[in-house]
Amino acid sequence: MSARLSAYGRLLNKARSVNFTFNGKKFRGYEGDTLASALLANGQILVGRSFKYHRPRGIVAAGVEEPNALVNLGVEGNFEPNQRATTTELFEGLLATSQNHWPSLEFDLGALNSKLSRFMPAGFYYKMFIHPRPLWKYVYEPFIRHAAGLGKAPKNRDADTYEHFYAFCDVLVIGGGIAGLHSAKAAAKSGARVIVLEQSAHWGGRALVDGGEVDGSPVDNVVDKLLTELSSLENVTLRNRATGAGIYDHGYALGYERLTDHTSDNAGPRHRLWRIRASHVVTATGAIERPLSFSGNDVPGVMLASAVRDYVVNYGVGVGDRTVIVTNNDDAYRTAIILKKSGLVVQAILDARMLAVDSPLVAEAKSVGIRVLMGHAISKVLGGKRVTAIEVCSQAGRGTVLEKIECDTVAMSGGWSPVVHLWSHCGGKLIWDENFSMFRPDVDKAPKGVDGTAFVSPAGSANGHFGLMELIGDAHAMGQGAAEAAGFVCKRASAPEGSYIEEAPMVPVWLMPQGANFALRSKSWLDYQNDVKVTDVQLAAQEGFESVEHAKRYTTLGMATDQGKLSNINGLAILSDALNQPIPQTGTTTFRPPYTPISLGAIAGEARGEVFQPVRRTPMHDWHDANGASWEPVGQWRRPYAYVQPSESIQDAVMREVKNTRENVGLLDASTLGKILVKGPDAGKFLDMLYTNVMSTLKSGKCRYGLMCNENGFLIDDGVVARINEETFLCHTTTGGAESIYGHMEEWLQTEWWDWNVYVANVTEQFAQIALVGPNARQVLERLSGMDVSKDALKFMEWTDGLLGGFDVRIFRISFSGELSFEIVIRSSEGQTFWNALIKAGKDLGIMPYGTEALHILRAEKGFIMIGDETDGTVIPQDLGLHWALSKKKEDYIGKRAHARSHMSNPERWQLVGLETLDGSVLPDGAYAVAEGVNANGQNNVQGRVTSSYHSPNLNKGIAMGLVIDGPNRMGQIIDFPGTDGKTYQAKIVNSVFYDPEGEKQNV
Amino acid sequence: MSDEVSALGGVTRSEGIAKVTEMPLQGMVTVRGDLSDKVLKKAILAVTKLEVPVLAEINQVGEYALCWMSPDELLLFCPYASVEIILAKLNKSLLKTHSLVADISDARTIFCVSGSMARDVIAKLAPVDISPKAFQNGMFRRSRLAQVSAAFWMPADEVVHVICFRSHAQYVFTLLKVAAQKGSGLNVF
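Chain order of the listed sequences is C and L.
Counting from 1, one number per residue, gives the positions in the first sequence under the numbering used here.
Counting from 1005, one number per residue, gives the positions in the second sequence under the numbering used here.
FYI, nobody ran anything at the bench for these hints, they're computed from the structure.
Ideal Cβ positions, reconstructed from N, Cα and C, are used throughout, including at glycine.
Treat each hint with caution, since some may be false.
Have a look at the derived ranges for each label pair, beta carbon to beta carbon [claimed, not checked]: (1) L/P1136 to C/K491: 17 to 27 Å; (2) C/D755 to L/A1050: 21 to 31 Å; (3) C/N78 to L/S1040: 52 to 62 Å.
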């Protein structure tokens, strides 16, 4: 039974108790507890069920490497699955539930899988569910998806907020343990800007549990002093609860800061993603203890020896009353000694090694009366939901039981692995260290920056230095080296000296006992979270999955949310053994960021809710909104699709707007159209290259419609160009084209025609632009008075500047509807006022605003094309019958050469025609016209498609435009358009100008 | 007319870690040309009493300022009412010098972010080193705020002026509000 000890508890504030709930049961812990330590203090070691076999699982570790203690935290908008109890700080009111069991943690039906484990080896799912094929989608997959997954997916919108933070420094130190703090100090002394990230709430790391001295002072004093010193430095930023999550090219690193997870007060953002640019990074990320592989090593009560020690020292929790230590190194003896000191019983230390001479730690354990069995191992752990005893065997043998020892806790240590993850993220290489049986950073093969020099240095135990003496020296040197690499000068100062404790060498133990039989091996877990056993990896090797990456995926070793922090090295050692090759030859799987899971909210940052995406608003946006606008997204803009009046459907509104515009006068917010000024002595020449037709001959005061193609001849934009004066043109683009066409112009000017004297400026947003369309349009303008807009004074395709009703405006007489039409341009800041003035002036003339759908119908009635409807990036002007806009006089223009390609001049290209259904109904937009026969895939051949289709209220029938093979030569033919509704629509090929083909209405 | 309105009508918000205010309409002229050209420099000096700024800087005196936008582009600040006169003067003196000047006063919106944590707010949205050592009065940076283009400078300690497109004004205002939410200060600058 785990329980609180009266002594110890370095991190606790025992004066403040904290209430929390686990699986509906109320518990109490102390301020400073983690959820794991508080659960253990309350005797709760069983925290979940395993993924595949639903075996009872207990807390194994005390930090980020914990594979088992994953819980659902919070409720509703604060619900989050798969949270590590070992890194979750306790706060008042914390609500947690365990995962992956049904109906309850104590009694789980899924545990039947465990009885079937013989029949569910590695690759089981691949082999079992592959046949018959159709069953996968409808039977197996839904079943497996139901059974799989640890936590539940959240159902509510996240109630918290998140943010990013862009930070810059010379040296980024990841890890605030004794090594990281020394590196930071060494670097900071040079004047370099230093950021230190510590993943936990506490500084100093393991050193504070294990003790020792630096320069004669005990480590806790040393850490306090370092912190005080570093905090006082202006060039140092210290952040705790901030994980260094990833290192990327160009000195880019991600930090993941938890701001409110440790408290019930949720003011401010919950997480902050630090996006850091550092000249140099020091990874002082520490080391993680490895488990040992013996039968029953997953029974609750079997824990890492260091974790057992952490719970005593940091949280004042005794994991059990009677503990057996099993180890292959000296470090686990520290656990035995501390347990003994705290008054708990240590039944025995089983040391797989045979030492000729007792090392100081072994001697100390013996001297305090602990029974030490050298050369011994665990044959098997007994117990279900908690360890009850172990069976002892000789490590060298096959598991013959020599003795049974009653115990409730097993503290295991298989040695330590440096945390090389961050070192490896950006290409740092590893070497195999025979002495410690571990991969450590190969400092000669560091991640390199653009200049080919290293930009990451490992430090301390992350660099494979474990004793304080070695570790501090390394950290100091790496900190200085980092500052120097960042261009700073470090004064030669003597490095601080850590104390030295002699330790006997560890021996590698990958399987316990060495000759364990199948029964023992098949209960020896490597990966707790994904239920991978020694036998699974051996089977994978046997079946030919020799690459470590293949074996990983076949067995799922290391693929769970802990990403194999405990299982990685043990797994590949077993694989190497099975393949009969040395471990470095097998190598590791790839270490990818993030080091520990980070929230999706942190990645999204501020981009949610109102600021999920930018929405661009015209000066009249609020008016539209207040007047029934049904919005349509056009690029980042929102444009009114129609202004819907009360008791009207959207379609009713569109019909009303179209008719009113033809019969009275309509008003359109055209402010979103791109407006680009092009100026310079070579402006005409430049536009002649950009547009397919000639612009240089345009007279000042006149307008011309133009087409733009890309280098491949495809239409990319169209619009009206106005000549302002000899050297200045104003080019109108489509709404979506404003930025891209401006960029297109700049690109050609900067890269190809850099010697042409042309400047461009995107003035789109400087102006509100309002189209006034319909037979009464001129009358409205005349009522405002001040400018002569008569037929002769302002002819079609002309523009003029002036004061209209006191407003400083430019009026274009252009038409995209076939009606008498003016487009009036005014400064954005006056847009709304002017809009109001127009509406007031036109009130009794039937003035009404119209939206984009009415705009579309009006232009379609006239057969005007729309970029994005009639074009899709594969359409050339010739397809649309726009030959007249392709200059034959010009020597060149962008796209001209492409138009000469054989495919472009093929008469079989799909070309623009009008389409009318025989019964006057509306053709489905986008429908394809079928032709005779089928293609190689057995699909109907096609001969055309609908590009625009509407009901025209003026003609009272459906009208459409489409691209049809050789269309213009097939007038009157009837072709079939099967709809997705099962009906086939028959349509006649007609001229694409449906309304006022002579163009009389606009020339009034 | 004197009915000109800024994009958000001068909205302001002071809850949170910084105060965010939309500034009144500001005269702005874009000037494109060879920034080393003597005639251009002289013309600019004549209307603003300011020298052309060097890379990524702003020269500001009184109601006039010049911002470095690119190797061939300046942004000129002047009183809103003076734009037409300035345009006329520049066009006249640059008649024979290849250049482009245009009024863009209504194409942009300026926000003022102020308070001891003004830098924090910007650093959450722009990938720019805005620490006091790296970013000071006199500097001008074109960058982005979250998903849109923006530029900023610090006319005084604890004051950042942010310029964005007018159509993005509402987005940027909300963005600044979110970044300035209560309890979100970092205290790192």
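Exercise. Is the hinted range of 52 to 62 Å satisfied by the C-beta distance from C/N78 to L/S1040?
Worked result: 59 Å, holds
Exercise. Is it true that L/P1136 and C/K491 lie within 17 to 27 Å of each other by Cβ?
Worked result: 25 Å, holds
Problem set entry | Status of the given 21 to 31 Å range, CB of L/A1050 versus CB of C/D755 | 29 Å, holds
Checked against the numbered hints listed earlier, the structure breaks none of them; every hint is satisfied.
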